[in-house]
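Protein chains: 2
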Amino acid sequence: MIVQKFGGSSVADAESIKRVAKRIVETRKAGNDVVVAVSAMGDTTDELLDLASEVAPIPGGRELDMLLTAGERISMALLAMAIRSLGVEARSYTGSQAGMITDAQHGKARIVDVTPKRIRDALDSGYVAIVAGFQGFNRTTGDITTLGRGGSDTTAVALAAALDADVCEIYTDVDGIFTADPRVVPKARKLDRVTSEEMLELAAAGSKVLYIRAVEYARRHGVTLHVRSSFNNNEGTLVVNPKEGENVEEPIISGVAGDLSEGKITVVGVPDVPGKAAQIFRTVAKTGANIDMIVQNISAASTSRTDISFTLPKSEGAVVLQALEADRAESGFESLQYDDQIGKLALVGAGMRTNAGVSARLFTALFEAGINIEMISTSEIRISVVTRADTLNDALRVVHTAFGLDSDVDAVVHGGTGR
Amino acid sequence: MIVQKFGGSSVADAESIKRVAKRIVETRKAGNDVVVAVSAMGDTTDELLDLASEVAPIPGGRELDMLLTAGERISMALLAMAIRSLGVEARSYTGSQAGMITDAQHGKARIVDVTPKRIRDALDSGYVAIVAGFQGFNRTTGDITTLGRGGSDTTAVALAAALDADVCEIYTDVDGIFTADPRVVPKARKLDRVTSEEMLELAAAGSKVLYIRAVEYARRHGVTLHVRSSFNNNEGTLVVNPKEGENVEEPIISGVAGDLSEGKITVVGVPDVPGKAAQIFRTVAKTGANIDMIVQNISAASTSRTDISFTLPKSEGAVVLQALEADRAESGFESLQYDDQIGKLALVGAGMRTNAGVSARLFTALFEAGINIEMISTSEIRISVVTRADTLNDALRVVHTAFGLDSDVDAVVHGGTGR
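Residue numbers (this note's numbering), protein chains in the order written: chain Y, -11 to 407; chain E, -11 to 407.
Check the hints yourself; a few may be wrong.
Because identical chains cannot be distinguished in the list, a pair is counted as satisfied if it fits within a single copy or across any two copies.
[Unchecked claim] In silico lysine-lysine, DSBU-like type, Cα no more than 35 angstroms apart, as pairs:
1. Lys274 / Lys196
2. Lys175 / Lys274
3. Lys105 / Lys175
4. Lys231 / Lys196
5. Lys302 / Lys231
6. Lys6 / Lys17
7. Lys10 / Lys96
8. Lys96 / Lys6
9. Lys105 / Lys10
10. Lys105 / Lys196
11. Lys105 / Lys274
12. Lys10 / Lys274
13. Lys175 / Lys302
14. Lys10 / Lys175
15. Lys6 / Lys264
16. Lys17 / Lys196
Just so you know, the hints here were simulated from the structure itself, not pulled from any lab data.
Please read these numbers as outputs of a predicted model, since none were measured by experiment.
My request is simple: use the sequences and hints to build the entire structure.
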């Protein structure tokens, strides 16, 4: 049994839908049971959001979910029709029909149970089952919910887990997971295989191919993902879950990711007494912002004050600055600085766990290229550094080469995401 | 409690939705419980049908219903948002959430039960309840269905019946039911009141304001309809159900309707022996065509053959001709004639039941205007005649005048239906 997920750019118009239908029919005719999770067509979601903002300044979450879920209803029905017209029976199912039970948080619901009885029945009847991605429903309220960004990936993975599928194929407009973004690093190499642990770090570090939530779900439920292109039949990248203690020969480094979407806040002159740093981060946490790297400078003995810097999505910068400013008297810091011209580079590899010298090689490569490092943070399988935004792409290429990731040929880049 | 129905042209864009929302809020603030049935925005349904025909030559009924029901999902969610932004709480409900239980005939499902528990709960909580028109679901299959043409009117009436509403308001782009189509007969008068029996005859005779099924449903369940304009606050037309024996002073004639959508088939030279006519109509019935007026000429004694003519929607002409032709040997007729240039005029009024001389006045008026009558059929409260298509509009005006229906002023005509 195979679960296949097609995103909005794969079903953007009638022609694309017919192409996807053909691929699904081929998979079915090869003898597989096939379940498909599909997103809304191309720009449908944005168009619906525009309409919502025209009729109401603050559309309620329940109604917004009701509105947005019309998008997959359209794409899934059309896809089922297209498959049927190729001679294979297909049925489409909404999130609630497919048993995607969620909590009641509209706009970012979490899956609490999957009861895919109708999907099993459809497969038993020999049908291809098309399921609306991104949507579920809450049993208590009886209301429709959506899963938030990357929700269709999560739908596909959750179905694969509940149905015990052999593989969950995520179709996209690139050939798989690369050692770096091929648009920035032309010599990026496609990875045949990556662990879910590495994939999580890459996604967190800015790789846009898979969403963190879907990878987490796959990891927790032991689902094997296969990320591949909907434009060709090449093998893509397998995202695997090696068992505890399984002897997998890991390459030291699986890839390098860059991210220009973050900014840096520096809280200057924080009194170096216990509890002050904690208070600052409590204030930040109250805004709901996702802070990432944190660095605290060693305090100058003369002043007994210290600087604390952290990175966060630029979209959350203003709110956090405001919250900190409001709390200044309590926290006792001297001033705030905001820098939205930073770039973040992350080097990821399960192999670096057992391999000394990775940091040294990274810093050397950047130093030799004249690229300044402003912040550093590490985990067991990742090293992240902050550079100036305008040096990030150079940094990515230099590091890619330094760790021997370069391919002999340039990568082929398709139409770009978010079409 | 008031049920309000808004059609696609009333919610064609964000501005229209906001205008409708304002009206609903006014009704709510006047102290009424309000339930709204809403159609898909403007051309949404046609656009979805176009998409379907692009991906599949013959889209299946189940998937087509799944596709089309996305339309009301969009309009109802937007309408609920717009109402909420005016400070009144509103919730939208799909057909299945609202308990519109239907049989399993996709594309033309019939309502078998209405269990509006969630709507009652919403009203009890003080919400305005917005319900998707046109859609329901089948309990056995668990699948989504649609009610076919005029389905949103039927949804509104069925909700009004199940909730025991005081009135079901049908909002449209004309001021109510007129004695004739104001676009053809400028001196047409708005009726303040019409019986459901008359309304049924008017709808069957080509009046497009209400659909027959909705009027039938209202009649059977004793729902009072109020047909009115969504562009002003004028009183419209009440469609009432006088009780058996209730002494209602009826005007003799309530209106005159014209219809150019029918054609006429004449089966020439049918052997005048028992059973031949029956056989012809069995053949026609098998095609599912809706035949209307039937006329059988007196057979010429010399030939023992007769001609049978009947009218039917032009869209069904080809299929019926083909079926008759295939059956010619069995039926023994000589030839088939098809005429698609006919017009049908119907004069409707409950008062004609007790008033002799209506036919005579009708025929005289048409004769004096030089308009030829080709077929005649009568019921207790209706007289229909077939004329040449190009004389129909003249016939409508002449008859309207002859029965004293003319208003002193010309009717105001709004933007036209089906926008």
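Hints, verified against the model:
1. For the identical chains of this complex, Lys274 and Lys196 are intra-copy neighbours only, at 27 angstroms inside a copy versus 58 angstroms across copies, given an alpha-carbon limit of 35 angstroms.
2. For a Cα distance limit of 35 angstroms, the shortest separation of Lys175 from Lys274 qualifies neither inside one copy, at 43 angstroms, nor across copies, at 69 angstroms.
3. In this homomeric assembly, Lys105 and Lys175 never come within 35 angstroms of each other (Cα to Cα): the closest approach is 46 angstroms inside a single copy and 62 angstroms across copies.
4. For the homomeric pair Lys231 and Lys196, the shortest alpha-carbon distance inside one copy (26 angstroms) is at most 35 angstroms, but the shortest distance between copies (69 angstroms) is not.
5. Within a single copy, Lys302 and Lys231 get their C-alpha atoms no closer than 37 angstroms, and across copies no closer than 70 angstroms, so neither meets the 35 angstroms cut-off.
6. In this homomeric assembly, Lys6 and Lys17 come within 35 angstroms of each other (Cα to Cα) only inside a single copy, at 16 angstroms, whereas the closest approach across copies is 50 angstroms.
7. Taking the closest pair of Cα atoms, Lys10 and Lys96 come within 35 angstroms of each other both inside a single copy (32 angstroms) and across two copies (30 angstroms).
8. Taking CA atoms no more than 35 angstroms apart as the test, Lys96 paired with Lys6 passes in both settings, with 31 angstroms inside one copy and 27 angstroms between copies.
9. In this assembly of identical chains, Lys105 and Lys10 lie within 35 angstroms of each other by CA distance solely inside one copy; the values are 26 angstroms within and 43 angstroms between copies.
10. In this homomeric assembly, Lys105 and Lys196 come within 35 angstroms of each other (Cα to Cα) only inside a single copy, at 32 angstroms, whereas the closest approach across copies is 44 angstroms.
11. Taking the shortest alpha-carbon separations for Lys105 and Lys274, neither the intra-copy value of 40 angstroms nor the inter-copy value of 39 angstroms comes in at or below 35 angstroms.
12. For a Cα distance limit of 35 angstroms, the shortest separation of Lys10 from Lys274 qualifies neither inside one copy, at 49 angstroms, nor across copies, at 37 angstroms.
13. In this assembly of identical chains, Lys175 and Lys302 lie within 35 angstroms of each other by CA distance solely inside one copy; the values are 29 angstroms within and 66 angstroms between copies.
14. In the homo-oligomer, the alpha carbons of Lys10 and Lys175 lie at most 35 angstroms apart inside one protomer (32 angstroms), although the nearest pairing across protomers, at 59 angstroms, exceeds that limit.
15. Taking the shortest Cα distances, Lys6 and Lys264 never come within 35 angstroms of each other, neither inside one copy (60 angstroms) nor across copies (50 angstroms).
16. For the homomeric pair Lys17 and Lys196, the shortest alpha-carbon distance inside one copy (32 angstroms) is at most 35 angstroms, but the shortest distance between copies (49 angstroms) is not.
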